[in-house]
Amino acid sequence: MASKTFIAILIAAASSVDGHLTFVRVAHNSVWQTPTRFIRNKTDPYYEPYHGPGLVDTGTYAKGYRGYHFPTEWYNEPTSVRCGRDSLSYAANTEVLKLKAGDELEYAHQINNPEFWTDDMWVCEDGRGSCDNGTPQLILHPGPVVAHLSKIPKGQNIHNYDGSGPWLKIYTLGLKHDANSTRKVNWLPWNNEDMDTPIPRFVFKIPAQTPAGHYLLRIDLIWVHATEDKEPAQFYPSCTQIEVTSEVKGDLPQGGILIPEGLAPDQPGFIMSGEMYRKEELDDDYLYPGGPVWDGESLREDKPSKEYGRGARRDSGDQGITVKDKDHMI
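Take the sequence shown: its letters are residues -19 to -1, 1 to 311, numbered as in mature numbering (1 follows the signal peptide of the UniProt record, and there is no 0).
Keep in mind that the hints were calculated from the coordinates and are not lab data. Just so it is clear, the structure is predicted and the values come from calculations on it, not from any experiment. Errors might be hidden in some of the hints.
What the hints assert, rightly or not - Straight line, CA to CA, 20 Å or less: simulated PhoX-like cross-link-like pairs of lysine-lysine:
| # | residue 1 | residue 2 |
| --- | --- | --- |
| 1 | Lys260 | Lys287 |
| 2 | Lys186 | Lys135 |
| 3 | Lys260 | Lys211 |
| 4 | Lys81 | Lys230 |
| 5 | Lys79 | Lys157 |
| 6 | Lys211 | Lys79 |
| 7 | Lys135 | Lys287 |
| 8 | Lys79 | Lys135 |
When you get a sec, could you build the whole thing from the sequences and use the hints?
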């Protein structure tokens, strides 16, 4: 019989190489907080009751087992897709991060299971929020990192809000298009094929025009597969409980999405050609998943800039146009 130590080593190794991750740490105005503080945690192991349409009930995934860093698919429990598996169970005991509209946030992720976290994983060069043996934590799945806000509805409390209201995107780290390269699509969060390229830092500001109130802030890496492969996208969401002080009153602009409805396979961002999935070419009509993005002043289509040749670039996503999907945007 294998020793418990040997089994633990195997589990640790698996968690580090399968490409799965969780955003577990937030910095407020460059000050890193304790891992999982202010962030709703999730349960490991967890049995996901919803497997999705047409899936065969064989194998680990179909049986519903989910580990700490396992991905979520759009057909899983709605609360799992919004903030992570069983995250609502942790909401009551999760602190609320108080900040001002316009403040800066940064997120750090982990690929190791919590039982293998060590103190040196949180003391890193260049002020990063997480590392592994002194190097940045890897991201092994291509795709955008996006962040959304959902304001707590009137009459509800941040410690029991399930995220069923609208979500408005405020941040995307997407791709760079290089028309002169054999690999024309380069996902900026990804670090699989360019191991010498530093992993980017996920830094953004709460828009200065954000109304005062309590919010869930959802950050997620989304791995979108080619439509022809019929594989569901993978989500790696985490939600921070925040309170925003602001001179602005009222609600966020309309035009956000509902989750999981706005992350379904037929929604913008989840329809991708095989050529784009293989990074050979950028689809002309590709939009990032998660709806339009709000910068505090305007709501616009969230799409990559497409480079047509050296020195020529078309910025298609900065016209300041509000775009609403009649089915899943509100």
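These are the hints, each one checked on the structure:
| no. | hint | result |
| --- | --- | --- |
| 1 | Lys260 with Lys287 | 13 Å, holds |
| 2 | Lys186 with Lys135 | 25 Å, violated |
| 3 | Lys260 with Lys211 | 18 Å, holds |
| 4 | Lys81 with Lys230 | 13 Å, holds |
| 5 | Lys79 with Lys157 | 34 Å, violated |
| 6 | Lys211 with Lys79 | 42 Å, violated |
| 7 | Lys135 with Lys287 | 41 Å, violated |
| 8 | Lys79 with Lys135 | 19 Å, holds |
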